[in-house]
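Chains P and S supply the protein sequences, listed in that same order.
If you read the first sequence in this note's numbering, its first letter stands for residue 4, the second for the next number, and so on.
If you read the second sequence in this note's numbering, its first letter stands for residue 7, the second for the next number, and so on.
Be aware that a few hints might be false.
Stated by the list, open to error - Looking from chain S toward chain P, a few residues come up when the C-beta cut is under 7 Å (computed):
1. D20
2. G22
3. C24
4. S26
5. V31
6. A33
7. Q36
8. F40
Derived by calculation from the structure, the hints in this document are not laboratory data.
Every residue gets a Cβ at the ideal spot worked out from N, C-alpha and C, and that includes glycine.
One letter stands for each residue in the lines below.
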Amino acid sequence: MTEQPTRMVVVGASLAGLNAARALRDQGHAGPITLIGEEPHAPYDRPPLSKGFLVSGADHTSLALADTAVLGLTELYGRRAVHLDTGEHTVHLDDGGSVPYDGLVIATGAGARSWPGPLPATGVHTLRTLDDATALRRDLGTGPRRVLVAGGGFIGSEAAATGAELGHDVTLAIRGPAPLHRVLGEDAASFLSDLHHTAGVSVRPFTTLTGLQGGRRVTSVTLDGACQVNADTVLLALGAVPHTDWLTASGLRLDGGLVTDVHTRAVGTDGRPHPTIVAAGDVTRFPHPHASGLLSLGHWSNAVEQARIAARTLLHPRAPSVYRPVASFWSTQYGVRFRAVGLPREADESVTREYDIGRRRLNVAYCRDGRLVGALTANRAAHIARYREQLARDLETPVEARSA
Amino acid sequence: MTESPFTGLEVIVDMGLCESHGQCVFAAPQVFAFDEDDVLVYEPDPDVSQYEKAVAAAAACPVRAIRIESTR
């Protein structure tokens, strides 16, 4: 088939980037594939970074995702893409080099939201990369500390749990009423708060970190512009920012991420999809029948599944595949297995079917307009599979047939 | 469902690695399931018609605990 692009370039040596490269090979692309990553490491697994990696002495090889050698890639690590020229079909790199492409996969992911001011030189962390986790682990490994975690999302909550398990004095400062309240709703957030309290974590709801003090090393933080709390170690878990800075002058549409169509093709500022540019993973924003607006899923399974569809669309531009996933994500905190499917944050109603803090079990269904859009369980994995089946069936039903 | 070129199929799970994420249950519900305590139960010798789903399940496992062996 001559319509297939020959030189493939994947920007982002991430879970999504690696899976896109693997899927291109699996689906028969024999030509060159170049994998470009800003970090100096080959693609690695991120979920353990806020959990097991912080407590273990494991080195980074335990996080390796796969042997990339078998894929026959040109691997460029420690090189950052700085500009995409869609007219010339070229990716420009920070060392002045450039890489031409016939087909491009954008998988640059997202980074930790940074603090908008000066910081003490040490003791203040973000947690997104292997180097971040290594630095935080070193800090937490030097005796009991007063740890302040700012941010009640998954990373903040998981890191607070891990810090408590390591014996540190942990304060979790969150802007909302409880951890993960915005994503999972009231009952799940309250369940999680209970787990934190039981473990001795001081949860500070409706609290905003407004300042950090210290000379070389952080000594305290300011909360809500007034009270100071002593801290030896601070984790800023303030959310993720998609890595789209290099696309600003590309002519691709950016709207809280890189916008794609249902086929994972990057959409231009003129609204037209680019047949030779696809995207996958945390960097993307895409339409979904269960979402009111464009959707961004910073989940492991999304990176893997979207990358496969993206590769297929790139290889078969005249018959692009549709990406319409049942989202699936998880978190382990205090040994409790939280498993979620669908889009709980899109719900207008949640139904709690089981809330048993003693046995650490939870089962919540999330609905919008009377239809199931998501579910969450804790230590009830058998139930999550049934919810997932229901969501998959619903997504297979054509939109016109749904209101009937 | 495409015709499987195999005469036998073997599913091997490293239960020391399994964290009950459920991705395999989603991908191949006739091969993998959870019991009421969230422990993965699976058919070690499924019908060859399950080949593609079983391979997809292995690929979807976040901790790569699943191996699929086939005999011709």
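Legend entry - Hints not upheld, ascending by number: 1, 2, 3, 6 and 7
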